[in-house]
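Enquirer: When you get a sec, could you build the whole thing from the sequences and use the hints?
So the number in this note's numbering is just where the residue sits in the sequence shown, counting from 1, plus 80.
Among these hints, one or two may not hold up.
Computed Cβ-Cβ distance ranges for the label pairs, DEER-style [stated by the list, open to error]: (1) Ser119 - Leu148: 25 to 33 Å; (2) Ala88 - Leu131: 43 to 51 Å; (3) Leu135 - Ala88: 39 to 47 Å; (4) Ala97 - Asp145: 15 to 23 Å; (5) Ser129 - Val93: 38 to 46 Å; (6) Val113 - Asp145: 16 to 24 Å; (7) Pro91 - Tyr132: 39 to 47 Å; (8) Asp126 - Ile92: 45 to 53 Å; (9) Ala110 - Leu147: 13 to 21 Å.
Hints listed in this document are in silico derivations from the structure and should not be mistaken for laboratory results. Using N, Cα and C, we set each Cβ at its ideal position, and we do this for glycine too.
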Amino acid sequence: RLLIGNDALDPIVFSAALRYVRIRSLGLPAMVVIGTAQSACLGMQDVRSPLYVLLAAAAVNFLGDVLLVPRAGSKIFGGAA
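Expert: Set out below in structure tokens:
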């Protein structure tokens, strides 16, 4: 709350946003590894491997959205799952 600098923030909204950010932060290590590997491939002038990885990541993301978001109902953390 100190970082936001707004005491008028609704506590329910703040707790939901904090839960969302905590869940989303679990994917940061994978994002760093994929970004580094993509940069290395592009540096070696390999443009197809990053394309295949991005296609696979998009497919996994789509499947995760289809399978996990409807189960969460109207809860905000369903989009982060």
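Enquirer: Each hint: holds or not?
Expert: Consistency of the hints with the structure:
1. Ser119 - Leu148: 25 to 33 Å: holds (29 Å)
2. Ala88 - Leu131: 43 to 51 Å: Given about 46 Å between the Cβ atoms, the range holds.
3. Leu135 - Ala88: 39 to 47 Å: With a Cβ separation near 44 Å, Leu135 and Ala88 satisfy 39 to 47 Å, so the hint holds.
4. Ala97 - Asp145: 15 to 23 Å: Check passed, 20 Å falls within 15 to 23 Å.
5. Ser129 - Val93: 38 to 46 Å: holds (42 Å)
6. Val113 - Asp145: 16 to 24 Å: Given range 16 to 24 Å: holds, Cβ gap about 22 Å.
7. Pro91 - Tyr132: 39 to 47 Å: Holds, at about 45 Å.
8. Asp126 - Ile92: 45 to 53 Å: holds (48 Å)
9. Ala110 - Leu147: 13 to 21 Å: holds (18 Å)
Comparing the model with each earlier hint shows no violations; every hint is respected.
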